[in-house]
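Asker: Read off the chains here:
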Amino acid sequence: MSIQLKDVHKAFGTKEILRGFSLEVHEGETLSVIGASGAGKSVTLKHLVGLIQPDQGEVWVDGQNIAELEGDDLAELRRTVGYVFQFAALFDSMTIEENVAMGLRRIPDMYDEEIRARVSDCLALVDLEGVEACYPSELSGGMVKRAGLARAIATRPKYLLYDEPTTGLDPITVTIIDRLIIRMSEELGVTGIVITHDMASAYRISDRIAMLHEGRLRTVGTVAETQESTDPLLRAFIEGRPELMESAQ
Amino acid sequence: MNGTIVAPVRYVGRWTLGAVRSLGKAGYLTAGAVHALKNVEIWGPRLLPQLVAIGVASVPIALFIAAFTGVVLALQASYTFTGAIPMYFVGTLVGKTMILELGPVLTGLSLSGRVGASISAEIGTMRVTEQIDALETLAYDPLAYLVVPRVLAGVLMFPIIVILASAMGVVAGWGSSIVLLDMSNAEFLKGLRLFFEPWDVQFAAIKSVSFGLIVTGVGSFYGFHTKGGAAGVGIAATRSVVLASILILALDAFWAVVLL
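Going down the list, the sequences are from chains A and B. Anchor point for the first sequence: position 248 equals 249 in the working numbering, and the numbering is continuous, going up by one each time. Anchor point for the second sequence: position 130 equals 162 in the working numbering, and the numbering is continuous, going up by one each time.
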């Protein structure tokens, strides 16, 4: 099992976000996590790289309990995980080349020439050649997202975590990003977790889809199982019909 | 009636809890930054740019403030001493006051605005735009990357800036004494040398090291704990200037009690 969340609880002050969330992600699969805004999807993702520690429960990534890692061990694990932030979180005072090279500079014995070559490869993979010298503020929203993806894949991670990679993008760019996610999985064998609200995108890119509701796992299944599910909350979300949610509660 | 009694108690309780929580966070940040010193490969390359940004770029404003302070000190001393105290004491007063007090304190206060607010705004913006989270996911210790080089630059550069500013204040006071007060060079220098102790410069350097630590440390603290977008960044910058200024004045008194 490559990623496991076991009965994870997390609260910020008096607000409970996760209330016993358990999930297993299989090696090599792409799993989309859907759910209403504020359901705890992004918080879940941050648990997987130790940005947030659970109040209760365990988070296992690559056979290691995140809570037991610190210092160099945590840094080592983070090198195996690429994180695509919702708004890319590119370093705005650096060029795109410097941004993509950031993770590579933490790899011992990697020289400048090798780093430059890897940066070019990653930018080519996301169809972003020629923007190395640009600053993030000079790029469009879709390009910034793709640059964020290039930075995440630069260290050749085993796992990729995508936080709403297509939110706010035009349909063409959404399709481009979706294809990139599929390519990461098929060509690089990356295990992916995608937080999304976009069901069309989730159907395209996922092996399985999990629904997070009120801090707990509501449903999980293949795309076909999700499409055929009769769970009223899942149906409400898929079809965008809040009246179904009311009848389910 | 009950509400009138309970409300202030509740307010004091909340304030105390908030203060204790902030002290805990500050302690945690300090311990983390000390621990991050071992990551030289992360903070080392960032030190020189910070020495320039925090130190070299602050010299003009520090010299500007010190120059005018030196002029005013000389004129006010002359106004106070006329007819009662020999005029060469203008040199004494300008020298002692600039080196012991006004050089370090005015520089510290002005740099709490220029440097402290800039640090908290920069780190705070990185916090609210998830750039600090991104640093962590890329296996960088954000304390080593952001805090250590800034604090080291503050500690190393503040004494240099303060000594330059104090010297500028003395030179400006000297010049204005010659030009505006009809004093001779010999008179001013006699007064300047009269009670000068090399220890005075060391005292100023010690104070300014602590001011550098406070300004950069407080700026980093508020930047790191920024919440809530642009407004949060503004609040962090304001709070860092206010707290750093208060702590500079408190430390100024502390060093006077302990070292003089």
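Source of the hints: derived by calculation from the structure; they are not laboratory data. Please read these numbers as outputs of a predicted model, since none were measured by experiment. Do not rely on the hints blindly, as some may be mistaken.
Covered by chain B, per the in silico footprint, the following chain A stretches (three or more residues, Cβ under 8 Å) [as the list claims (entries may be wrong)]:
1. 44-58
2. 79-90
3. 93-104
Using N, Cα and C, we set each Cβ at its ideal position, and we do this for glycine too.
Asker: The structure should be examined with respect to each hint, and the outcome stated for every one.
Answerer: Consistency of the hints with the structure:
{"no.": "1", "hint": "44-58", "result": "holds (count 4)"}
{"no.": "2", "hint": "79-90", "result": "holds (count 9)"}
{"no.": "3", "hint": "93-104", "result": "holds (count 3)"}
Consistency with the previously given hints is maintained throughout, with no hint failing.
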